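S.K.: First to last, the sequence lines map onto chains P and Y.
All you need for my numbering is the position in the first sequence, starting with 1, plus 347.
All you need for my numbering is the position in the second sequence, starting with 1, plus 347.
These are computed hints drawn from the structure, not numbers from a lab.
Since we're looking at a predicted model, the values are computed, not measured.
Be a bit skeptical, because a hint or two may be false.
The following residues of chain Y were derived to be distant from chain P, with all beta-carbon distances above 10 Å [stated by the list, open to error]: (1) E353; (2) A364; (3) D367; (4) G427; (5) K435; (6) Q450; (7) L458; (8) L460; (9) L482; (10) A484; (11) T485; (12) Y505; (13) E507; (14) W512.
Stretch by stretch, here's where chain P covers chain Y in the computed footprint (C-beta under 8 Å, at least three residues) [said to hold, decoys possible]: (15) 381-393; (16) 400-407; (17) 489-502.
C-beta: ideal position from N, C-alpha, C; glycine also.
2 protein chains.
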Amino acid sequence: MAHNLEHTLALLSRTPAALDAFLRGLPEVWTRSNEGENTWSPFEVVGHLIHGERTDWMPRARMILEVGETRPFEPFDRWGHVRECEGKSLEQLLDEFARSRLQNLNALRALNLQPEDMARRGRHPALGVVTLSQLLATWAAHDLTHLHQISRVCSYQYREAVGPWSAYLGVMHCDGHSAP
Amino acid sequence: MAHNLEHTLALLSRTPAALDAFLRGLPEVWTRSNEGENTWSPFEVVGHLIHGERTDWMPRARMILEVGETRPFEPFDRWGHVRECEGKSLEQLLDEFARSRLQNLNALRALNLQPEDMARRGRHPALGVVTLSQLLATWAAHDLTHLHQISRVCSYQYREAVGPWSAYLGVMHCDGHSAP
Numbered sequence: 348m349a350h351n352l353e354h355t356l357a358l359l360s361r362t363p364a365a366l367d368a369f370l371r372g373l374p375e376v377w378t379r380s381n382e383g384e385n386t387w388s389p390f391e392v393v394g395h396l397i398h399g400e401r402t403d404w405m406p407r408a409r410m411i412l413e414v415g416e417t418r419p420f421e422p423f424d425r426w427g428h429v430r431e432c433e434g435k436s437l438e439q440l441l442d443e444f445a446r447s448r449l450q451n452l453n454a455l456r457a458l459n460l461q462p463e464d465m466a467r468r469g470r471h472p473a474l475g476v477v478t479l480s481q482l483l484a485t486w487a488a489h490d491l492t493h494l495h496q497i498s499r500v501c502s503y504q505y506r507e508a509v510g511p512w513s514a515y516l517g518v519m520h521c522d523g524h525s526a527p
Numbered sequence: 348m349a350h351n352l353e354h355t356l357a358l359l360s361r362t363p364a365a366l367d368a369f370l371r372g373l374p375e376v377w378t379r380s381n382e383g384e385n386t387w388s389p390f391e392v393v394g395h396l397i398h399g400e401r402t403d404w405m406p407r408a409r410m411i412l413e414v415g416e417t418r419p420f421e422p423f424d425r426w427g428h429v430r431e432c433e434g435k436s437l438e439q440l441l442d443e444f445a446r447s448r449l450q451n452l453n454a455l456r457a458l459n460l461q462p463e464d465m466a467r468r469g470r471h472p473a474l475g476v477v478t479l480s481q482l483l484a485t486w487a488a489h490d491l492t493h494l495h496q497i498s499r500v501c502s503y504q505y506r507e508a509v510g511p512w513s514a515y516l517g518v519m520h521c522d523g524h525s526a527p
């Protein structure tokens, strides 16, 4: 399936409410536990999503429209969520993510992008030339990769509790497939 | 982390609203597409969750309490969702899942299980002896494995659209790890 801006917007607009319904009020053993050293808890994932809203998706879309391939994007700080999370509750982060996502989607709609804009090109600092269409599709897929991660991190907490049923639970055998 | 009934209930009670927030009104290219032959769309996953509410979790919990290890559970029909889905919209399935889950959690609370009940044993037709604690932990982990699956199935639809970013998106490299 090719990238379609309306499909991307429909998905992006639903993620904050889905995370809110799942995580708000959930005991901290689920939301604050991770998969071991250098891995993230669901709480930190929400901080990472906020950091992406601030520094990744819309700033890069604007760079594509304004300077094209002439200058690479700012590298994304994978540990930028540490500052986003500092001194905040999960409830505050969920509110902030919802607000920030809504603002960004309104800004994206206000750009009034036309089909021909989708092929406009920018430069990723590591991946090289990318298109606006690829950037927007990745924004949506990035939400999905973190829903995938949150479900995996939660399941990890019950890896022993499920006993022999582990064999039937695919999520228990997922290592995240992250790039190094 | 050991199994804890309150933690399990907290998770189980949130899944219907989380799926509702994510899937209701989402374009059908996301909700009705799968990963190829013999794989499930998010729509079918919701049907499968309903089928589990009817035939798997609470019936098996009751069997453990009533007959213990003397008789194996009824085998679960992995294609039972076909009937659940027939002639229904995704919206109807989401309503049905929420209603059915709520009824089951009320029934579970009404059992007034005590810590010592958690070690009570039943017989799984393939896995052998299992405990009530393992069954209830698996109910929660089963929700998580299907959230994991839904995020993966959706991401599959954009596997080409994301271009070179695929390298950074763990979910794009997940094969589900399902038992055969």
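S.K.: Could you run down the list of hints and mark each one as holding or not?
M.R.: Hint check results:
{"no.": "1", "hint": "E353", "in the structure": "7 Å, violated"}
{"no.": "2", "hint": "A364", "in the structure": "4 Å, violated"}
{"no.": "3", "hint": "D367", "in the structure": "7 Å, violated"}
{"no.": "4", "hint": "G427", "in the structure": "15 Å, holds"}
{"no.": "5", "hint": "K435", "in the structure": "21 Å, holds"}
{"no.": "6", "hint": "Q450", "in the structure": "19 Å, holds"}
{"no.": "7", "hint": "L458", "in the structure": "19 Å, holds"}
{"no.": "8", "hint": "L460", "in the structure": "15 Å, holds"}
{"no.": "9", "hint": "L482", "in the structure": "8 Å, violated"}
{"no.": "10", "hint": "A484", "in the structure": "4 Å, violated"}
{"no.": "11", "hint": "T485", "in the structure": "4 Å, violated"}
{"no.": "12", "hint": "Y505", "in the structure": "5 Å, violated"}
{"no.": "13", "hint": "E507", "in the structure": "8 Å, violated"}
{"no.": "14", "hint": "W512", "in the structure": "4 Å, violated"}
{"no.": "15", "hint": "381-393", "in the structure": "violated (count 0)"}
{"no.": "16", "hint": "400-407", "in the structure": "violated (count 0)"}
{"no.": "17", "hint": "489-502", "in the structure": "holds (count 11)"}
In this structure, the hints that do not hold are numbers 1, 2, 3, 9, 10, 11, 12, 13, 14, 15 and 16, in rising order.
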